[in-house]
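Trainee: Place chain R with the ligand on chain D using the hints.
Chains as they are written, first to last, in our numbering: chain D, 1 to 315; chain R, 1 to 437.
One should not assume that every hint holds.
BS3-like mimics (lysine-lysine), calculated; alpha carbons at most 27 Å apart, straight line [unchecked claim]:
no., chain 1, residue 1, chain 2, residue 2
1, D, K91, R, K383
2, R, K281, R, K258
3, R, K14, R, K430
4, R, K281, D, K91
5, D, K91, R, K407
6, D, K91, R, K287
7, R, K287, R, K383
8, D, K158, D, K30
9, R, K140, D, K123
10, R, K359, D, K231
11, D, K306, D, K30
In silico contact screen, one side only, chain R against chain D (beta carbon under 10 Å); selected entries [said to hold, decoys possible]:
no., residue
12, D83
13, E119
14, Q122
15, E123
16, Y127
17, G206
18, F207
19, S209
20, T210
21, L212
22, F283
23, D284
24, F331
25, D378
26, P379
Counterexamples of contact, computed for chain R against chain D with all Cβ distances above 10 Å [as the list claims (entries may be wrong)]:
no., residue
27, R21
28, G62
29, P79
30, A96
31, E126
32, E149
33, Q211
34, L214
35, P218
36, R260
37, D325
38, E398
39, K407
By construction, these hints were calculated from the structure, which means they are not laboratory data. All residues carry an ideal CB built from backbone N, CA and C; glycine is no exception.
Here is how the chains run, residue by residue.
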Amino acid sequence: MQLQSRHLLGLENVTRDDITLILDTAVSFKRVLERPIPKVPTLRGKTVVNLFFEPSTRTRISFELAEKRLSADSVNFSASSSSLKKGETFKDTARNIESMMIDFVVIRHSSPGAAHYLANNVKASIINAGDGAHEHPTQALLDLMTLRENRESLKGLKVVIVGDIEHSRVARSNIYGLLTMGAEVGVCGPSTLLPREVERLGATIYPHIEDAIAEADVLNILRIQLERQGKGLFPSIREYRNLFGVTRERVERAHKPLTIMHPGPMNRGVEIDSDVADSDASVILQQVTNGVAVRMAILYLLAGGKAMAEGEEHA
Amino acid sequence: MPKLNSDQTVHIEKLLLKGARILDSAHKLDETADILIQKDTIQEISSIPSDTFKGTVLDCAGLVVAPGFCDMHVHLREPGREDKETIETGCAAAAAGGFTAVACMPNTKPPLDNRSLIEFVQERAEYLLTDVHPVAAITKGLKGEELTEMGELAEAGAVAFSDDGRPVFDSDQFRRALEYAGMFNRPIIEHSEELSLAEGGHMNEGFVSTQLGLKGIPPISEDIAVARNVLIAEYVGKPVHIAHVSTAGSVRIIREAKSRGVPVTAETCPHYLIFTDEMVKTFDPNKYKMNPPLRTEADRLALLDGLKDGTIDAIATDHAPHTIDDKDCEFDVAAFGIIGLETSIGSVLSHLVQNGKFKLPKIIELMSVNPRKILGLDPIEIKAGARANLTVFDPKAEWTVDPTQFKSKGRNTPFDGETFTGKAVAVLNKGMVYLGR
Ligand SMILES: [Zn+2]
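Chain D with its partners taken away, still in its complex shape (with noise of 0.2 Å):
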């Protein structure tokens, strides 16, 4: 089995067999990093830029590392050190990518659709780390494989995404993702930062975060942007922690087994206490080791790779 498109622009479109497929292959190279020398020659020869028109050093990272143990030739581009800075236009960008016969191009960009953009305007495959607050999809895919290592089975499952819906990417793919593997879906953060409509995506909204404790498997707890606090859609960060933070007494009140996730960078203290971030609950390192295999994963499958049989492992 291969996957059905040469680009991951988002999930909104991912099929349940491509997912699943993703997340399988992601198991395999999962083992291939716990071996003493983590490296594989699969993609020797294949060259990746890694364009970064926000700074992300956790996800440009685990690219970069996702292709070094890939054998992968990668180069990276980040907006500090760009030219774009300059005035150069994307367009322009896209159109030297294209002259540099670059064969995968991983994208982080503030504008919704800048790689779906890049997809029609060049050869390579592209790779969405983030597009503004449209899609993260190898963020929801690495979040998908941690809670399939985490709980018995994704379909059923009751995961609450916590903070800023509104603006948040992550939150956008996790609800795509979630839906289509048969989990269910709620959101829960002030009304002003969840987007107009959201429960026509298939989440259900929390106003509370003790119902969302209350009824949840599982919480994804998103960052919350310290600066829209001064754009008025919450008073203050205090308040905030008071209404949303995810805190151990909180924590403490739920019914059933909770797992605590985090796509961080974490605000300890507001949107989640330092005892709930470090407790056995949380599962926010694991989903940072995930997130190599999985991204070993996607350059694979787009590199046309095939499903690998049961116990099959990379040379």
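Mentor: Just chain R with the ligand now, kept in the frame of chain D:
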């Protein structure tokens, strides 16, 4: 008179429009006859045999001859952004699209806020077939601070006042503008947008903006502004024309206001009648980014109802040419606006008439009679002795939109590649005739 070649403008000596269906909704005219035109005047409407006729004959069998169409909302970009459009290219686009008149918005660089600029625009169009009716700015420099010298501007030829592109944000200023412009019997054309709700948005706010993560422009940002504008118009008893209506809320408010006799008129554009915000999922700003944005299906249907019951008086295009660099980029970086002059008739005939929703006389009302009435232009009559100001179109011709063939400098159209049924064939005005391709 030289032979009539396609894609050429020639001066008329003696021209016979043979076997045309003459449709004039204002005068309840619908008959098939021959029209003899000499220079700029209709000589005779009857049955004129073409074999003995000494002059040029245009075979109009199957074609409709209507009073010249008027697009009351276009951006010609000159002066200042001649790389996007000039008065000449914009007028060529108008002629190719079947319009004999346009009203051009004052948001040029510098803006049309003084007499010399109004005169400049008119001089530029003096020898062109298209009548260019400048709309002057409401406030100096479009800054929303001081009123322009409306008396002088009206005398110089401004047919209306507008700060289009932006609303007059200050309600007192807007009230004064209506009162003052009213002295000269000129309407205020208001771009109705409550900026505090709309600022920073790139598409309609709704389910699709939620899916795409693009900042939305809520429909209430238009509704609130329309409500304010009709309330002020009612209070001072002076006419306001609502530009590019895009929401169901606006239609409801305007309908209610009209029922109470408020002096309000309104226009919408073909794209709001045909597309919805679902199209933004393509992330193609060249086709689908404009302000106001494409709304939902419920809005689209409400606009069609509004056209039908007369709540909306006119179809205009908000023709807004941009360079490729302003449009071939990220969606939230791209400029707002699409062009419309060369696709207006085709899109309206295909999407509104072909399916039987609207009859041709109604379309002529929406695209010729009413816009001229709102702007205070002389009504067009199709009768012996009248000036020949005519649009000839073929309601059945099929053609495919190819933006590379446009007269406009703009290529930013959502209709690229679409096959239309219905096409502008020719326009006649000022003693000239342009026969399209
Ligand atoms: Zn406008």
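Trainee: Are the hints correct? Go through all of them and say.
Mentor: Each hint, compared with the structure:
no.: 1; hint: K91/D with K383/R; in the structure: 55 Å, violated
no.: 2; hint: K281/R with K258/R; in the structure: 36 Å, violated
no.: 3; hint: K14/R with K430/R; in the structure: 14 Å, holds
no.: 4; hint: K281/R with K91/D; in the structure: 19 Å, holds
no.: 5; hint: K91/D with K407/R; in the structure: 26 Å, holds
no.: 6; hint: K91/D with K287/R; in the structure: 17 Å, holds
no.: 7; hint: K287/R with K383/R; in the structure: 41 Å, violated
no.: 8; hint: K158/D with K30/D; in the structure: 26 Å, holds
no.: 9; hint: K140/R with K123/D; in the structure: 50 Å, violated
no.: 10; hint: K359/R with K231/D; in the structure: 50 Å, violated
no.: 11; hint: K306/D with K30/D; in the structure: 17 Å, holds
no.: 12; hint: D83; in the structure: 16 Å, violated
no.: 13; hint: E119; in the structure: 37 Å, violated
no.: 14; hint: Q122; in the structure: 37 Å, violated
no.: 15; hint: E123; in the structure: 37 Å, violated
no.: 16; hint: Y127; in the structure: 39 Å, violated
no.: 17; hint: G206; in the structure: 6 Å, holds
no.: 18; hint: F207; in the structure: 4 Å, holds
no.: 19; hint: S209; in the structure: 7 Å, holds
no.: 20; hint: T210; in the structure: 4 Å, holds
no.: 21; hint: L212; in the structure: 5 Å, holds
no.: 22; hint: F283; in the structure: 3 Å, holds
no.: 23; hint: D284; in the structure: 9 Å, holds
no.: 24; hint: F331; in the structure: 5 Å, holds
no.: 25; hint: D378; in the structure: 47 Å, violated
no.: 26; hint: P379; in the structure: 45 Å, violated
no.: 27; hint: R21; in the structure: 44 Å, holds
no.: 28; hint: G62; in the structure: 41 Å, holds
no.: 29; hint: P79; in the structure: 26 Å, holds
no.: 30; hint: A96; in the structure: 29 Å, holds
no.: 31; hint: E126; in the structure: 39 Å, holds
no.: 32; hint: E149; in the structure: 40 Å, holds
no.: 33; hint: Q211; in the structure: 7 Å, violated
no.: 34; hint: L214; in the structure: 5 Å, violated
no.: 35; hint: P218; in the structure: 8 Å, violated
no.: 36; hint: R260; in the structure: 32 Å, holds
no.: 37; hint: D325; in the structure: 7 Å, violated
no.: 38; hint: E398; in the structure: 29 Å, holds
no.: 39; hint: K407; in the structure: 26 Å, holds
Hints 1, 2, 7, 9, 10, 12, 13, 14, 15, 16, 25, 26, 33, 34, 35 and 37, counting from the list given before, are not met by this structure.
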